[in-house]
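Enquirer: Those protein sequence lines, which keep their order, are chains A and B. So in the numbering used here, the last spot in the first sequence is 1152, and the numbers never skip. So in the numbering used here, the last spot in the second sequence is 304, and the numbers never skip.
What you were told as hints is all true, and nothing was included just to trick you.
Chain B regions said to be covered by chain A (calculated; three or more residues, Cβ under 8 Å):
(1) 176 to 187
(2) 221 to 233
(3) 274 to 284
Just so you know, these hints were derived from the structure itself, not from any lab. The C-beta atom is built at its ideal place from N, Cα and C for all residues, glycine as well.
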Amino acid sequence: MSSCVINSTRASADASLEARIRHDFPILQRPTSNGKRLVYLDSAATAQKPNVVIDRLVRYYREENANIHRGVYDLAERATEAFEGARATLARFINAERSAEIIWTRNTTEAINLVAACWGRHNLKAGDGILLSQLEHHSNLVPWQILAQQTGAELRFIPVTSDGRHELEQLDRLLDGTKIVALTQVSNTFGTITPLDQIVPRAKAAGALVLIDGAQSLPHMAVDVQALGVDFFTASAHKMCGPTGIGFLWGRYALLEAMPPYMSGGDMIANVTYTSATYNELPWKFEAGTSNIADAIAFGCAIEYLEQIGMDWIVAHEQRLTRYALDRLFALEPRGLRVIGPANMHARTGVISFIFADIHPHDLASLLSSDGVCIRAGHHCTMPLMHHLGLSATARLSLYLYNGEDDIDALIDSLEKAARIFKLA
Amino acid sequence: MDDFYREHILDHYRNPRNFGHLDAPTITFADRNPLCGDEVCIELLVDDNERVLDIRFSGKGCAISQAATSMLTESMRGHSLSEIAQWPKEHVLDELGVGMGITPARIKCALLGLKAVKSAALGQIARWPDEQA
Ligand SMILES: Cc1ncc(COP(=O)(O)O)c(C=O)c1O
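The whole structure should be built from the sequences, with the hints applied where relevant.
Expert: What follows is the structure, encoded as structure tokens:
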């Protein structure tokens, strides 16, 4: 039963589907504060929201609002059903074996913290290895740093090359003594797709658990957590057309069951006396207090929206646009533009980092902003990676299903204008 | 924003004045803008009356922060530390010719150098009147 009313239907002609998709996003119909068309190229930071998701959120509050898992009246039962329905939608989307393996969190960051705290503190001891890569977002780095300090475990890193690819020569040595491997599936800085097919089997053979940070992958590709062969998977709704404030942790049932609760209070309990409590079953054991009901339901709607368009279509569309963007950026190489990241189209997504001659990325982002073009500038929450590669900042554009060639053209026009203002040769 | 990047700003960005290090600075102060990662380090040589004899700055960052700091260093010689500690934001913004026309995020860039210079003069982190400790 789908509670989402979706307007875009799969069309045979790509061009018309592209136009209709853009029409689904009200913010893209609004001019910027200085009257320009909004050219949104920062979806890696957060994605725009289609009408169906916004409407679902509003409809919940207007027509269905009630606390879940408690009331026996009709309204409460319907809210519970919608909330648990969203969990089932997500479970199906990532091919989880059962819905109870999905724990709602606020975002990816909270999901990683949950694993570091509840699994890590009880299973790691001094000298155990925690293996990350040099590409990780601060959210998949700092929780492990703290865990290492608490347990005496040792942080290790899969090195990356100057074009943002993993170097796997030393992998077996790095895996020796490693208890958990935590990797981003797609780099938010370079768009690199992590070669999980080469890493996960070796990690499992070495007896390590594997956690995937899917913040930049799940919005852009089909993910099957069972086929990946991993143990934990995390992502955020807001990067995949859903609302802010909701994300999730997926984990293998037996692992989650063996972990102690994260926070405690209402909802996560089975039986309580004044001196002790027994915990609720999965997934509610990890969902203390009233959940983010409305956003979970709207997240389910965002997933249905993406499914309706088709993850295959999204992958193909983004590949085509990424190719187009790279070609147009490469044409500016003689003027000092340098793309940083993998050149192989099969090893990357539509997150593109670049530097333009001696124009600082912040100046570039400011100049582009006056043309309505939104890109990101800075260290992209990967400060150690920037430092490792001798960069202080890059400019970054990132694509999503609602972008088109006209967005890239607007970006290039604006870059050319910046080159004139900065008097580049 | 476009017309902000005028000739003199680009000139100061590409050819910063008083850039580098002093042999024996009396005061050194480093600061950074965590949002952009812009960095600035100020070195001052002062006389017995706490008047600035010489100044150098180093660091890296956007055109706004680097040009603003470069221009600022040109106006410092001969001023006492207590005068410098009192300089308002306009000391830099007027010089840049932007008034309050730039966005709040970029104003932070414009003021990075002035804040570092005032902090160097005060011997502690300077705060703007409208800024919370
Ligand atoms: C790779 C990666 N991991 C984790 C995060 C953190 O996501 P959130 O802020 O939604 O927790 C991000 C967000 O930028 C990301 O790009």
